[in-house]
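Next come the chains, spelled out residue by residue.
2 protein chains.
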Amino acid sequence: MTVSKTAEKSAEKPAEAARGRKDAAEGPGEALQLGELSEQLGYVLKRAQLKVFENFLRCMASLQLTPAQFSVLLLVEKNPGRNQTEIASTLGILRPNFVAMLDNLESRDLCARIRSTNDRRSHILVLTDKGKAVLARAKKLVATKHEARLNELLGQSNREALLGMLSKIANEF
Amino acid sequence: MTVSKTAEKSAEKPAEAARGRKDAAEGPGEALQLGELSEQLGYVLKRAQLKVFENFLRCMASLQLTPAQFSVLLLVEKNPGRNQTEIASTLGILRPNFVAMLDNLESRDLCARIRSTNDRRSHILVLTDKGKAVLARAKKLVATKHEARLNELLGQSNREALLGMLSKIANEF
DNA sequence: GATATTTGATATGGTCCATAACAATTATCA
DNA sequence: TGATAATTGTTATGGACCATATCAAATATC
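Which chain is which? The protein sequence lines are A and B, in order. FYI, my numbering numbers position 89 of the first sequence as 702, with every residue one higher than the one before it. FYI, my numbering numbers position 16 of the second sequence as 629, with every residue one higher than the one before it.
By construction, these hints were calculated from the structure, which means they are not laboratory data. Among the hints, erroneous ones may be present.
Identical copies carry no separate label here, and so any pair may be met within one copy or between two of them.
Derived pair list, reagent style DSS-like, types lysine-lysine, alpha-carbon separation capped at 27 Å [what the hints assert, rightly or not]:
#, residue 1, residue 2
1, K691, K753
2, K743, K691
3, K691, K752
4, K781, K752
5, K758, K745
6, K781, K664
7, K758, K781
8, K753, K664
9, K743, K758
Given the sequences, and given the hints that come with them, work out the whole structure.
Below, the structure written as structure tokens:
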């Protein structure tokens with residue numbers, strides 16, 4: 614069995630795992646030198662992203678929503694009446710991979726596919742009432758538990774600066 | 614056939630893909646609203662990370678090094694004589710998954726496993742001469758093509774601030 | 001009306017991540 | 001000392017995510 618979406622274990626905390634065994638027996642001085650690694654933006658970026666997702670999953674454990682699912686619900690709420698192709702591609706999800714994702718959300722009655730009358734090929738996406746309610750609760754959890762923790766760690770203005778720089782990288786790099 | 618590590622196509626540029634088809638026929642106004650999504654740190658963080666890795670792979674195309682492989686070479690160079698468990702866990706790689714990675718690097722004669730004389734269970738890791746040479750070239754490519762581009766985009770001081778905040782998240786979140 | 005395109009879907013394969021289990025070796029301690 | 005436990009590298013395996021090819025139905029194009 615594997616840990617499902619809501620992973621709790623995460624099996625390897627980078628720095629801590631390296632220590633912890635030999636140290637007790639051989640003394641303190643066995644920690645590896647990260648060296649230039651800690652200056653590599655890609656490396657640190659990846660590490661930070663994993664931590665943030667991990668925390669997001671913990672905060673959302675009660676609602677069982679992954680970051681990707683949360684983003685779909687947000688986007689459908691903001692843009693009701695769009696079809697699968699539009700929603701998927703805006704999120705960078707390939708259409709084939711979006712099918713199973715929607716199957717999941719639809720089976721949990723969070724969103725619904727509706728055959729379009731204009732174009733009977735496409736499925737219009739909308740949130741169900743339950744979907745809207747769950748999303749509302751999810752937003753609150755994210756705001757009070759997740760983003761709040763980041764503000765606490767970085768400070769409000771730093772957090773905004775960080776967001777700005779990341780957006781710049783995401784859009785202009 | 615799939616595109617190997619050095620992906621060039623990347624199949625879905627989030628925002629651009631959504632437009633591009635209907636637009637030409639139906640006019641401009643069909644872009645989806647990202648809404649609160651663009652304020653979600655996790656979302657933007659993930660997007661930025663993908664862009665950075667993508668650029669890294671392009672810069673390293675001539676050396677065929679992935680970010681993960683680069684990090685292994687860097688760490689082994691900085692900490693010669695450590696065994697697989699130590700190197701892997703410092704990088705957050707699980708030992709079983711590290712085996713194939715080392716098989717690859719070793720088959721390309723970039724690093725070598727040496728049976729330890731102290732503990733004949735463990736394999737000491739070192740860079741080969743070729744490994745050192747390749748790593749040196751890799752560092753130059755990263756500095757001149759990859760990190761330079763980031764400096765250009767963000768500015769030196771912003772880039773450092775970004776790195777600091779990401780480190781904080783990676784270590785203290 | 002013949003041909004091409006788009007949409008949602010299926011099948012499939014690759015990569016990465018995580019767990020269980022094993023043989024060889026070493027550590028522990030009764 | 002010798003039985004038991006723990007560690008190292010490894011294999012096997014399965015899940016999650018990503019990417020491509022292909023399909024039938026519907027629509028667009030010419």
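Cross-check of the supplied hints:
1. K691 <-> K753: within (17 Å within a copy, 45 Å between copies)
2. K743 <-> K691: within (16 Å within a copy, 54 Å between copies)
3. K691 <-> K752: within (13 Å within a copy, 44 Å between copies)
4. K781 <-> K752: For K781 and K752, both the intra-copy (24 Å) and inter-copy (24 Å) Cα distances are at most 27 Å.
5. K758 <-> K745: within (20 Å within a copy, 46 Å between copies)
6. K781 <-> K664: both (21 Å within a copy, 11 Å between copies)
7. K758 <-> K781: both (26 Å within a copy, 18 Å between copies)
8. K753 <-> K664: within (20 Å within a copy, 29 Å between copies)
9. K743 <-> K758: within (22 Å within a copy, 49 Å between copies)
Against the hints set out earlier in the document, no violation occurs for any number.
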